[in-house]
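There are 2 protein chains.
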Amino acid sequence: MAITYEHIKTCKQSGARLGIVHTPHGSFETPMFMPVGTLATVKTMSPEDLKEMGAKIILSNTYHLWLRPGHEIIKEAGGLHKFMNWDRPILTDSGGFQVFSLSDMRKITEEGVEFRNHLSGEKMFLSPEKAMEIQNALGPDIMMAFDECPPYPAEYDYMKASVERTSRWAERCLGAHQRPHDQGLFAIVQGGEYEELRRQSAKDLVSMDFPGYAIGGLSVGEPKDIMNEVLEYTTPLLPHDKPRYLMGVGSPDSLVDGSIRGVDMFDCVLPTRIARNGTLMTSEGRLVVRNAKYARDFGPIDENCDCYTCKNYSRAYIRHLIKANETFGLRLTTYHNLHFLLKLMENVRQAIREDRLLDYREEFFEAYGFNKPNAKNF
Amino acid sequence: MAITYEHIKTCKQSGARLGIVHTPHGSFETPMFMPVGTLATVKTMSPEDLKEMGAKIILSNTYHLWLRPGHEIIKEAGGLHKFMNWDRPILTDSGGFQVFSLSDMRKITEEGVEFRNHLSGEKMFLSPEKAMEIQNALGPDIMMAFDECPPYPAEYDYMKASVERTSRWAERCLGAHQRPHDQGLFAIVQGGEYEELRRQSAKDLVSMDFPGYAIGGLSVGEPKDIMNEVLEYTTPLLPHDKPRYLMGVGSPDSLVDGSIRGVDMFDCVLPTRIARNGTLMTSEGRLVVRNAKYARDFGPIDENCDCYTCKNYSRAYIRHLIKANETFGLRLTTYHNLHFLLKLMENVRQAIREDRLLDYREEFFEAYGFNKPNAKNF
Numbered sequence: 001m002a003i004t005y006e007h008i009k010t011c012k013q014s015g016a017r018l019g020i021v022h023t024p025h026g027s028f029e030t031p032m033f034m035p036v037g038t039l040a041t042v043k044t045m046s047p048e049d050l051k052e053m054g055a056k057i058i059l060s061n062t063y064h065l066w067l068r069p070g071h072e073i074i075k076e077a078g079g080l081h082k083f084m085n086w087d088r089p090i091l092t093d094s095g096g097f098q099v100f101s102l103s104d105m106r107k108i109t110e111e112g113v114e115f116r117n118h119l120s121g122e123k124m125f126l127s128p129e130k131a132m133e134i135q136n137a138l139g140p141d142i143m144m145a146f147d148e149c150p151p152y153p154a155e156y157d158y159m160k161a162s163v164e165r166t167s168r169w170a171e172r173c174l175g176a177h178q179r180p181h182d183q184g185l186f187a188i189v190q191g192g193e194y195e196e197l198r199r200q201s202a203k204d205l206v207s208m209d210f211p212g213y214a215i216g217g218l219s220v221g222e223p224k225d226i227m228n229e230v231l232e233y234t235t236p237l238l239p240h241d242k243p244r245y246l247m248g249v250g251s252p253d254s255l256v257d258g259s260i261r262g263v264d265m266f267d268c269v270l271p272t273r274i275a276r277n278g279t280l281m282t283s284e285g286r287l288v289v290r291n292a293k294y295a296r297d298f299g300p301i302d303e304n305c306d307c308y309t310c311k312n313y314s315r316a317y318i319r320h321l322i323k324a325n326e327t328f329g330l331r332l333t334t335y336h337n338l339h340f341l342l343k344l345m346e347n348v349r350q351a352i353r354e355d356r357l358l359d360y361r362e363e364f365f366e367a368y369g370f371n372k373p374n375a376k377n378f
Numbered sequence: 001m002a003i004t005y006e007h008i009k010t011c012k013q014s015g016a017r018l019g020i021v022h023t024p025h026g027s028f029e030t031p032m033f034m035p036v037g038t039l040a041t042v043k044t045m046s047p048e049d050l051k052e053m054g055a056k057i058i059l060s061n062t063y064h065l066w067l068r069p070g071h072e073i074i075k076e077a078g079g080l081h082k083f084m085n086w087d088r089p090i091l092t093d094s095g096g097f098q099v100f101s102l103s104d105m106r107k108i109t110e111e112g113v114e115f116r117n118h119l120s121g122e123k124m125f126l127s128p129e130k131a132m133e134i135q136n137a138l139g140p141d142i143m144m145a146f147d148e149c150p151p152y153p154a155e156y157d158y159m160k161a162s163v164e165r166t167s168r169w170a171e172r173c174l175g176a177h178q179r180p181h182d183q184g185l186f187a188i189v190q191g192g193e194y195e196e197l198r199r200q201s202a203k204d205l206v207s208m209d210f211p212g213y214a215i216g217g218l219s220v221g222e223p224k225d226i227m228n229e230v231l232e233y234t235t236p237l238l239p240h241d242k243p244r245y246l247m248g249v250g251s252p253d254s255l256v257d258g259s260i261r262g263v264d265m266f267d268c269v270l271p272t273r274i275a276r277n278g279t280l281m282t283s284e285g286r287l288v289v290r291n292a293k294y295a296r297d298f299g300p301i302d303e304n305c306d307c308y309t310c311k312n313y314s315r316a317y318i319r320h321l322i323k324a325n326e327t328f329g330l331r332l333t334t335y336h337n338l339h340f341l342l343k344l345m346e347n348v349r350q351a352i353r354e355d356r357l358l359d360y361r362e363e364f365f366e367a368y369g370f371n372k373p374n375a376k377n378f
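Residue numbers (UniProt numbering), protein chains in the order written: chain A, 1 to 378; chain B, 1 to 378.
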């Protein structure tokens, strides 16, 4: 198996799992957050920056790399790791989420999805087989099955048909996957907020014995408590000895709440996207560094942070750079936000070790402000 | 004196000078190229990047920092070094060049220049006294006198009046400068391509005993041989025991030709600006990495280069990043071009040491393609 999961312990207070995922490019402890490097680069960051801040695995997007520069070029380069100079694990998605997001420009059939790409408008076709071909060419350690991503909210009947198609497509992915020896293929449990459908989806996919399982269709607009409820009944349906990945989730509260419910891996563009807009995650909550009140604030973004940005630069300097559209400002804010989430996961793992993740949750939520009425979710 | 010049040797073949400039933030060997960090950041680079590539001194722009974030804020931060986390020498210009470039938006009087700033349109006034006040607040090691920057070409009579005004303004700068103990003020020799006026300007300014001298009004559109001719008769007019700075010059051929004519310091936005457009300087000449022919070229930008970019990334990857507007691509190209010029200056210094700078010039020009008819100048 290309990917194996080593279970270390379960938190006695919360049920969260501490583990290690082993891949052909090294291992990482879980629960873990994966920075997103859509186009074979985590925007503004170098591989050395990512290593310095403690990133152990990154995610890249199949749809975007298929379009630019093209998966054949990356294959010729020796694969994505070599192309982008990143020698730690990489996970790629299937391209499905992006293609389904092109709602006015795509047509779904049993065979796959025909769509017009967002750059040239050219007609293209993505199917389970094509998603495997591209990801086999890119060469990530973990690849994702091509699933149908239904809109939120979706009717029960639509969702049921979609879950069944996702299972058939998962079977086709397994059949088309050419490199199971060095690339682990994860299946994606769908079913929206219908417990019965999540059960059906998990049962179908677990019977196919994938090396890992993702939970899809969450963080798509539903309230937080729905996400937590779905996780509560879904994670117990997944094999204890395989990693579990909650797709597209990266707000600090959801990382903690997902860990509590037995999730091992997370990814999201949130920390990097808001960083480029000058919004920072700190131990005391959100900080919008563009605000005029920081113009003469020579303290760090976060007094309690020991990242490169906080050790060397002031709020006033970062505000100046962001307001002047200087890319070094984006480097500094991106670095800080990614470091913040990686450190948060380190704290989560430590709390699991100490059987006190629920206590940690209370402390963290209180300090960040998540307990306030109408708290923003990041 | 805040700034002193230590002469090491003169090249027996060319007359070029090898020396060391000592400043309150450390020393650097000359001839030296200074990367430009207009807004208190060398675009896309961190201070660590700059140190790793061998940058010893950087330049920042008074006009831009006056407008954003404002010199008082930088003063409150503890000065420019601390504000931007750069502990090596900094030189700032006077703001004059930028203000004079606002040709339709400024009015020149003996007192100074009234202009509308390019961001808000607000009326502002820059004078010798104001340029000193701002630079004293910013706190660079080397500051520049406020001079008149005449257009090219300019009539003799206009240029003569301008040179005389520049001398009067230099006198006022000396009088207004509040920190001569820890900031060295350089005067700027003007006079266009009129030898008589260059002599008059140099004589006036040398008599005022500045710690260093710049040569201004070159690289403003005149042919290369005019620049070389002006340098040939101007540098001998300057004190042997003071550094000489040729402003705004950064094409590889001009760095070599300026050094041959006794120049010690250079700055220019050229390497960083063209880098952001995907144009690279290599040991075999210019390379436009956006070109389709590099799409599957997995070799480095420059086979003969040992910089971070060339050691770790391919032309194909950098082309992909630049075409996708990924800022990490700009980091990689900026890093390479700055490293190229810093390395070129290292080679120039070595050639001076070995009394063979004219031979080195021939070798370098031949390899880069400067000897070809209609060669581009970078």
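Source of the hints: derived by calculation from the structure; they are not laboratory data. Just so you know, these numbers come straight off a predicted model, no measurement behind them. Take the hints with a grain of salt, since some may be wrong.
The list treats identical chains as interchangeable, and a pair is accepted whether it falls inside one copy or across any two copies.
BS3-like mimics (lysine-lysine), calculated; alpha carbons at most 27 Å apart, straight line [as the list claims (entries may be wrong)]: (1) Lys-75 - Lys-160; (2) Lys-343 - Lys-224; (3) Lys-9 - Lys-51; (4) Lys-75 - Lys-323; (5) Lys-323 - Lys-82; (6) Lys-107 - Lys-123; (7) Lys-82 - Lys-130; (8) Lys-123 - Lys-12; (9) Lys-311 - Lys-323.
Right, here's what the structure says about each hint:
no.	hint	in the structure
1	Lys-75 - Lys-160	neither (37 Å within a copy, 65 Å between copies)
2	Lys-343 - Lys-224	within (23 Å within a copy, 55 Å between copies)
3	Lys-9 - Lys-51	within (26 Å within a copy, 45 Å between copies)
4	Lys-75 - Lys-323	between (39 Å within a copy, 19 Å between copies)
5	Lys-323 - Lys-82	between (35 Å within a copy, 19 Å between copies)
6	Lys-107 - Lys-123	within (11 Å within a copy, 58 Å between copies)
7	Lys-82 - Lys-130	within (22 Å within a copy, 53 Å between copies)
8	Lys-123 - Lys-12	neither (52 Å within a copy, 67 Å between copies)
9	Lys-311 - Lys-323	within (21 Å within a copy, 33 Å between copies)
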